[in-house]
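So the protein lines, in turn, are chains S and E.
Here numbering that gives the first Met the number 0 is used: the first residue of the first sequence is 0, the next is one more, and so on.
Here numbering that gives the first Met the number 0 is used: the first residue of the second sequence is 0, the next is one more, and so on.
Hints were generated in silico from the structure; no laboratory data involved.
You can trust all of the hints, since none of them are fake.
Okay, derived cross-link-like pairs now, BS3-like style, lysine-lysine, Cα gap no bigger than 27 Å in a straight line: (1) E:K19 / S:K422; (2) S:K556 / S:K711; (3) S:K210 / E:K83; (4) S:K287 / E:K2.
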Amino acid sequence: MKNNTYYRDEVPENNPTFEVDRRDFVKLLGGGLFIYFQLGEFLTGVAAEAEQQRSVPKDYNAFLHIGEDGKVTCMIGKIEMGQGIITSFPQMVADELDTPLESIKMVMGDTELCPYDAGTWGSLSTRSLGPAMLAAVAEARLVLLSMGAEYLGVSPEEVTVENGVIFIKNKKNKKVSFGELTKGKKVEKFLEVKPNAKDFSEYKIRGKSFKHADGIVKVKGEAMYSGDFRMPGMLYAKILRPPSHGATLVSADTSEAEKLDGITIVRDKEIVAVLHPDFEKAEAALAKIKAEYKFDEMKVDDKTVFKHQLEFPSESRVVKSSGDIATGKSSSDLIFESEFHNSYVAHAPMEPHTALAFMEGDKMVVRASTQTPFGTQDSIARELGLGLDKVRVIAPFLGGGFGGKSAFRQAVEAARLAKLTGKPIMVQWSRQEEFFYDNFRPAAVIKITSGTDKAGKISLWDYHEYFAGARGSDTIYDVPNAKTTSYSSREVHPFATGAWRAPGNNTNTYARESQIDMMAAKLGIDPLDFRLKNLKDERMIGVLKAVAELFGWTPAKSPSGRGVGIACGFDAGSYVAHMAEVSVDKTTGKVKVIRVACAQDMGYCINPQGSIIQMEGCIMMGMGYALTEEVKFTGGDIHTSNFSDYQIPVFSWMPKIQTKILDKNEAPQGGGEPAIICMGGVLANAVFDATGARLFQLPMTPERVLEAMANKK
Amino acid sequence: MAKLIQFELNGKKVEIPLEKDQTLLWALRINFNLTGTKYGCGEGYCGTCTVLMDNEPVRSCGIMMEDVAGKKITTIEGMSVNGKLHPIQQAFVDHDALQCGYCTPGMIMNAYGLLLKNPNPTREQIVDEMEGNLCRCGAHTHIIEAIESASKKMKV
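Looking at chain E on its own, in the form it has when it is part of the complex (with noise of 0.2 Å):
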């Protein structure tokens, strides 16, 4: 018999076998189908697979599932409430911040995480928090001005 753990899951309480080696990336896209959060690099370079791990951004592709055990996972999918664009996700589509959308999950995971630490950031904060985000596209003047848009929104 597999050992479960048990995690909360966008808020929801889940419980799943702990399988050697499994990382949180692959649990999420395989064990719940929760293909939002994306594989780039496996190796923690790229932040296409960033989510919230106690409120903390991490690279999921990192996080062996025996430390998940206790804690509360949030990914991209838990953002929207009821079909209502979270304000960072809103921010995203209002400048237009992003173009093949591949890292898009990630960069609001991580834009999240810096949110909620540091409600008022600067531009120079948020960039140094964003530097290991990685986008091909070259959307990022887009992304900063939403991530700096969506910080004014959130306050209210």
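Bound-form chain S, shown alone (with noise of 0.2 Å):
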């Protein structure tokens, strides 16, 4: 290394930090057996889905130990934020190597025990990282197979292996279990993996519904997010915000907040941060500091985005083409032009960002409420000129990510206040700086002609999609002739956005779903009839008749005056189709959600439980997207600020909720995402078919649905 400070293209292709780490964790766990996996292909393939910008590392990584009490700990590097993996992974790890659920310990989210992760997103853990990870207990079984054989003097073809224990065929008496193997010893093996792991109709553990594993620690309090560690001589440090995304730091006279008790100052660069053991002293100091600031705003603001939007230099791609849109205008009977506009929305994680660093050493260690530890790790690394094998992150539970918490700059903030200090540091940012400093789902134009042929089927589709995101804009219907062209700007937005559970996908299936709603409607055609006259996908069409039988769904042309909508899409490798009951006040202009059905085919389910409470989830906080939640804005002066001007879903909205897990023996796909893509298509349908008015921009607020009502002659 020619010097200290790793930049992302120049990270030694032999990561340096294992050798360290490996002896670390090592001496964590006492005897038993390591077995350390090169991943090889496997892992590339987790990468390259998640775009990630590291090279994997070549040297093995630790997966799995195997301890002299029998108990398995696997380390990965993905983090919980509610979505569930601490539940099925050990499911998947202990149905693969036969060993009881109870014995698997799950250590996630330490860059320092944990082999490289490139964040948890996109619903990747159980679709991407799942077959690596099985692949490699199916070798670790084997490892133990033929160390169990040797041990009771047969052959591994004579022993096979029940709840941990392994045994000669027919001999059950003739017996050793995992930890008596590993008894005493400190067995390292390296392997390579290739694909080997079980056949569905093998499955014991998967497939079976399992409460949250963390629930008893989270009844009780005792689960420790970021904020609640606790270390000798902690400060909380409160940062100098400024009053928009435009303004610039001119001046800050400190010298009154300086005044007070216990009270330290930190000026480095542009942070200005007040110190003190107890957060309300430092929050109480911060609103002393006099700050003078110049602003240079964007001329925008929630209510002229989309023309702004519209009018901004962009590039375009076209993201798909089939057939000819000349050709398709040409052989449509009826067409349809729309224009479909969505806005920012807010994470809003009931825990705001939050990050313990200090020294241990001369190694830095963060404990952050952070999606990518890893992501955390390179930025503190790099921000402090420090070498990747000197900075820790750990990430400990999630009070909730959906996606905001990709973004780490608090952990980014207290790393380097607790180099300058030599102190422990917690930034635990207020609701305020969350809601300020979040990235937001960013606002969204869609323009849509579509048309139809006499025979009612689709026949011209050209979609736009203005920076939303392009996934899910491609069309999921049978059209011969369709382009989806997506169009993108750094600039566009005046403060920062990134990925909102089912990023882009949120936006365009509310666009595209509206639209095909339209055009049954025009047409005189009952909707679910319409959707499924116009798609080939046999997956597709399974959710749409599955849910169809949940809901009751009658057929009937909307507007039929009964407030029921339909919506169907496809994200992160699972097909979803909604049904939901609305009721309009058409005095008010208020939307009330009745019930909402959902049917998802996500391949094999490994929890069928926690995969319904995620769908639960969506609906959930998909309502919210759909009806209230918007941030408002001048330039880059964010006016919201907290929840009592960002409503989100309360206990008063819950419809009656119905799911259905499609059975199937396919490879697991995603489950903390789809089903919270329809939401906006379903519910606009709905309030469509309950009062005839078609809503063109989310969310669908009291004052949208009355101007609508009073626009639609």
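Assembling the complex is the task here: the two chains are given apart, and the hints tell you how they should meet.
Now the structure itself:
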């Protein structure tokens, strides 16, 4: 290494941190069997899908430790934020290894103990890391069998394993447990992994429902989130924040703040921070700082943003194209042109971004609420001029993420202040900071020109997506002449935007499914029939039929006055279809969701209960962006600052929720995001069915509903 | 010398110096290291910091320590006795009434306050009383079911 600073493209081929790490965790875990895997093509596959930018370590990565007590420790770089992989991963490991579920312990999101991972997002854990891990566990099982055979003095073919006990086939009393095998030993095995996992028919623990494995610590208030750690001499840091994203600090007068007892002021480049052992005293001191700013605001607000976006210079790319748009136009009997708008929305996890940073010897240790512990480690190393081996990031439990904690500014801030002061520093964002620095879901415009022929088939689909993100922008319908164009720009937004649960797909599915409904209504065809008539994909047809049965759909042309709607879509490898029933108060414009049904085809479902809870969560959360959630702003000045002016779904909104997961012996797919993508579309279609008014903008606030009803002629 | 204030915390008499402008939330988290009570919004809109004060659910982020003197405070840490979960905690586990778990202590404390006041709430009353406790993960239906089930268990 020429110097001790890493940049993304300069990470050495053989990541040197591993040698150090391995010693550390061998020390931590004591004796037993350590199984290191070289994941090679598997991890490359995982990495490629997540579009990560760091080269994959070529050295062996640790995955499993089997202790003298028979406990199996599984180390993965993913984090737990409520999505439930702390429950479903042990199911997969225990099943593959033939060991009891209770014997599995997860170590997650620790850059020192876990193999590299690009981040917990995109519903990738099960569908992408899962197969790699299962292949690794299958190898580990073979190693254990061979060790067991040797112990029992027979050949590996003569033994088998159940519940963590290896025995001679037909001689169950000739046995040895995983724990006994490793007793008094420290065995290290280095394996190259090939796909060798079990067939669906052999699954015993997978496919069964389990409750959250972390339920008990969470109901006792003992689950540790980043803000719950304490260290001797720890100081809370409150950092001076600009009033707007367009503001630059000119001067800060800290003299009044300095007069307060026990306050330390730190100034470092753009950071002005007050430190105190008490959070509230630090906050009070911060309020005493008099700061001046200069402003350079973008001329845009939440009302003009869509015009701004359409006029803004952007780069376009064709995402997909088939047939010819001109042919589509000439062969269409009816042409439909629409423009859909979607607003900026916040992630608003209940836990704001938090991080505790401290020096342990010459190493920076950071406990942070981050969905990307390794990305956080990269950034801190770069920012502080430390080697990667001198930065350890640990993500404890996260109080929600939804994509918002893929950004980790707070962790870098804590690390900078901890390095400068030599003290343990806790940066716990206030709710105002959380709203201000959120990487919002981008506002977006979708323009669609579509056409139908005399037979009621879609003959044209010309789709233009501006700044939503291309995920889910491809038509799912069977259209001979279809084209999807995506427009993007780094500078179009006056503040940061980022991935929000099923990024892109909420906006795209809302627009597409609204347009489909408009065509069905114009043709006087039941919207379910119209979809089935224009779909070829059997799995999409399958979820639509399943949800229709679950919901008790009766065909009618829309608007029927019943307030029922449909939407379907594809996300993270899974197919989803929703039906909803709403009532609309025609004097106030308020929409009440009465019930929502959802059918999901997610391939093989590891933990049905956990998956259903994710679907229900998606439905609840999705009502928010459909009905009320909208970030208000003028230029870089975010007016939304707390839950008082940002209405997220609450208990009284609870519709009756019905869910169904289709049984499939196919590779497991994503489950954390798919069921949220239809919520805008299904509710917009239900509102149309109730009122005859089409909503071209989300959220469907009472004012917009009234306006649409007034304009419907 | 700072003035001392006394109150009862999870069944024990405690005493701390009265700090100007200190709220109950941060006294619990910093002075007593009871971190089960969470910071969520700091302005009483989200309910993650809910504790009981004289058996009434309150938002601890809005309670000044001077008003805590002589009161009886119950936090999530005071709910289980000798390691045995309180029926409401057990019901949250049984009904899988959580995801990320950050809002959970506040939910449980608010539900406890409700059930102390009204041991036989209707579903509508539960929804009404829980309205100010926010959950972003969308565990709402399970939370209501857990509270309904706990209300039945607590009677026997």
